[in-house]
Amino acid sequence: TSVSAVEVTLPAISVVLDGYYQDGERALGSREDGFGLGETELALSGSIDDLFYGKLTTVIATQDSDTEVELEEAFIQTLALPAGFSVRAGRFLADFGYLNNQHLHSDAFVERPVVYRAFLGGHYFDDGVRLNWVAPTDTYWTLGIEAFDGESLQADEFEDPDSVGVYHAYTKFGGDIGTSHSWQLGLSYLHNANGEASLEEHEEEEHEHDEDEESGHNHGATFSGETLYGVDAVYKWAPNGNYKNNYLTVSAEYLQLEDLYQEDEAGLPDDHSGWYLSSVYQVNPNWSVGLRYGELDAAMAHEEEHEGEHELHIESGKVKETDFMVAWHHSHFSTIRLQYSDIDDELFDSKDDQIISLQFIMALGAHGAHQF
Amino acid sequence: TSVSAVEVTLPAISVVLDGYYQDGERALGSREDGFGLGETELALSGSIDDLFYGKLTTVIATQDSDTEVELEEAFIQTLALPAGFSVRAGRFLADFGYLNNQHLHSDAFVERPVVYRAFLGGHYFDDGVRLNWVAPTDTYWTLGIEAFDGESLQADEFEDPDSVGVYHAYTKFGGDIGTSHSWQLGLSYLHNANGEASLEEHEEEEHEHDEDEESGHNHGATFSGETLYGVDAVYKWAPNGNYKNNYLTVSAEYLQLEDLYQEDEAGLPDDHSGWYLSSVYQVNPNWSVGLRYGELDAAMAHEEEHEGEHELHIESGKVKETDFMVAWHHSHFSTIRLQYSDIDDELFDSKDDQIISLQFIMALGAHGAHQF
Amino acid sequence: TSVSAVEVTLPAISVVLDGYYQDGERALGSREDGFGLGETELALSGSIDDLFYGKLTTVIATQDSDTEVELEEAFIQTLALPAGFSVRAGRFLADFGYLNNQHLHSDAFVERPVVYRAFLGGHYFDDGVRLNWVAPTDTYWTLGIEAFDGESLQADEFEDPDSVGVYHAYTKFGGDIGTSHSWQLGLSYLHNANGEASLEEHEEEEHEHDEDEESGHNHGATFSGETLYGVDAVYKWAPNGNYKNNYLTVSAEYLQLEDLYQEDEAGLPDDHSGWYLSSVYQVNPNWSVGLRYGELDAAMAHEEEHEGEHELHIESGKVKETDFMVAWHHSHFSTIRLQYSDIDDELFDSKDDQIISLQFIMALGAHGAHQF
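Residue numbers (this note's numbering), protein chains in the order written: chain L, 1 to 372; chain V, 1001 to 1372; chain P, 2001 to 2372.
In isolation and in its complexed conformation, chain L is listed as follows (with noise of 0.2 Å):
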């Protein structure tokens, strides 16, 4: 009885390849110098009956020879509640801002703006549930809300978690203006029950903590605060709204942490902050050229000794980013990217001010439709 007759229905399957020669590395970046892999993945979806789909996306990320298999995704979606409301439930990306709840693979440049990569480790992804909301208005309007464990967001070392830390809620507007223009407006507002760090805890974790952001790895965000507020602005333009030969992309975010420490000493930063601005310009179906300019405002605690004492010292800084990047598609499936970055970096001490990637990017199997 235990080897048994089943039914053959097939989820869909796509592997996406990454690899890259890099010169260089920055701050808390998921390359490294030399040869390498971005996270290679494998995704099964499909819909699991009439009122459910279902998605599993399985991401194998290798750092410094270590191979580490991630879930990204693991969640369940209605397909038919009333009312243009939708419920996801399980591991996902959070729809907060305009690129976090999109695959890595899809992007235009190489990494994430170094504000994701401080304050969502690039990419958020977490346990918990989704309520969204589709207005059934002419101008595209949704609204909604997640609750996530928030472990991935938590302050180091913070102390009895809540154990459902992060609630977020979101709305979005988005519209046409004549045929060829588009555009879409995003507001996030995160709160994280566990994301005041502690200066006596802190004092304790610098040491190794330092050394992990100074090897550039990314485990979860570097920065941390109760609050998380989000702007983010999408500009669309394709000739008569056909994307097919050419087309621009303009989008912009603003991050803003806040209500980072648990003490009320003088001397703390407020809040911390970043931005990036990103045009991409689809010249025809077979090359495309970017450019985007990213900040990070933020400040860091480092213990310093002082007179036979420790001191905690809070040393704020900015760092900027400019990338440029230029690169060719075959086909829908097969990218092939050059990239040259330029970093000012006071915050992290990045060896290197000047990197330039080679990338591929490349799909086996189904492919979803693009996002907006």
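In case anyone wonders, no lab produced these hints; they're calculated from the structure. As the structure is a computational prediction, the values presented were derived from the model and not from experiment. Some hints could be false.
Quick list of in silico lysine to aspartate or glutamate cross-link-like pairs, EDC-like style, CA-CA up to 20 Å [said to hold, decoys possible]:
#1 K351/L with D2162/P
#2 K1244/V with D49/L
#3 K351/L with D2160/P
#4 K2351/P with D1162/V
#5 K1351/V with D49/L
#6 K2244/P with D1049/V
#7 K1351/V with D160/L
Once you've looked at the hints, dock chains V and P against the given chain L.
Same frame as chain L, now just chains V and P:
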């Protein structure tokens, strides 16, 4: 010559998604307080040729932000041996008792009974070989023997373990009474050459072990012994043998663990034991309800400081669990379950004695037939 | 907009199951005493578009109850470059010698020859790029160069390694003699910028290293040097070129590792070397037999305490392995192999000099064509 033509045949592929919100945590359980994922499963199976069937089941478990990939099954099984014989080799679930050779995602309750979590690590799979024989009789009768590596059932810090640690013999009988009633009885005897704990080793290892137990983590069995007996009985009722609309399943198992210690001192317990009685009623195709009561009767060694000397102190106690669940099934592939558990724990210092779990279990792709 | 229609195309999917029972353990081997699993493989491959082919090979290795997922391949390869050129990029098996670019599961013996285990970690795969050229000649002639990250071939604790550590150039010639005979010759030259060991570092690291070696674990190469040469020769005989019923394969390789130490002291060995000669005869479609003899001639540094001072002591020795196997193939997808190995080890203190292995290797799904 390196890229080569392939003959396209496809194994059956299935994905199981399991997510939950839980209020509370139970001893030796696999689910934590708050949002989380159960075992996310990716299975591939099919005929290798006319003589062999093969199956690979990969399980991705996440606990405390760690992602662990486990191989739960990687076995071949003969399809065409004569005289009712079959052989299975590789890694597979031991055919111990009623529940152990079933996959977690087909369970009617959120967690395995406490006696399974304590003696078998929830479900015991291992590398080895099985020989099974089904008698050519009207009444279902099967006999089997299995040999396993046995490492996950090994006593902590067992010195110089046998490389083939576990031998297991089992038999099952089953039949029908009229058209609406059916039954199955099973007996299991498991010999674990590396299962006897040593008090000396125990003393050294107690501290870290305790921590693991209290955190609810569950790798391998918590209690071990040289001998494990199991008796199981299942009764099913379905009107005229039609399981489509409503049916009842009543199952019970009793497990006893003996030859616990290498030492023969006074005050040491002779055995640990546990049992459960489970009753699940499928009200109609969309709803089922279940009630399960289970006990574990065991003893834990604690080291205590007494007048400057460390003394090993054996404290016996019971864990009593009552689980009530109601499940909604939109189709064979989608289940949402609400469970309330009442726990009376004298053994592990569980802080929660009432646990509420809300769980979804959904499957994408191929779906094997159900076992008895 | 997040759940979207997909275009259903399917990569070829294959699963390889490898399980064994072994009596004994060999130095640098991947199989342990008792029951166990070899490398369980899940591979997905296919055309990305008309210009690129892609392949992902995930390997799940289990040792000592740990499960490790490794990415063995994650590469793209050009399909349509002119003039006999092709490029491969990402992670792939180096085309070194005869065996290295073949998958373990297509081997005729249970383990790779000892010289492969010692110099290449069994099989050397890495992140990098390959340029290959096939000459437009009647006699098969190919030339290739590869550049790799090189971390798995790095000397232990190498200070400040080059980010592109390994360069490899190779050439292969092949042809037929009449209708029944064919041959191939290969030459490989590998430059490893991070391969020279340092005696000072060696001293510090010796203890833990020793333990790893003795436990038989095998991550990366055990011996490293700045230069690795390889020569390989293969001869095949099949009556009238028909490989369906019976054929003979004789293959041999010689590897030499040079420039071993950064220091230039007297008493240090100039090189390590090793070779094997293998002969496999396919008696009929269902049975094959094979005999292989292999040697490793190397030296290990041991720290010794001598009159209160720690002294590094270089001890050279040979490992001689004779393997005899007989395999039963029910189909192209199912093999069961029995192997007897006789080992004469002066180098690693192996406790077993006679090893018997019983192994199954079976494949589900797509199956690539065999290489020469």
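Evaluation of the provided hints:
1. K351/L with D2162/P: This hinted pair holds, its Cα atoms lying about 16 Å apart.
2. K1244/V with D49/L: Roughly 18 Å between the alpha carbons, so the hint for K1244/V and D49/L holds.
3. K351/L with D2160/P: holds (14 Å)
4. K2351/P with D1162/V: holds (16 Å)
5. K1351/V with D49/L: violated (39 Å)
6. K2244/P with D1049/V: Distance of about 18 Å is within 20 Å: holds.
7. K1351/V with D160/L: With a Cα-Cα distance of about 14 Å, the restraint between K1351/V and D160/L holds, given a limit of 20 Å.
Comparing the model with each numbered hint stated earlier shows that hint 5 is the single one that does not hold.
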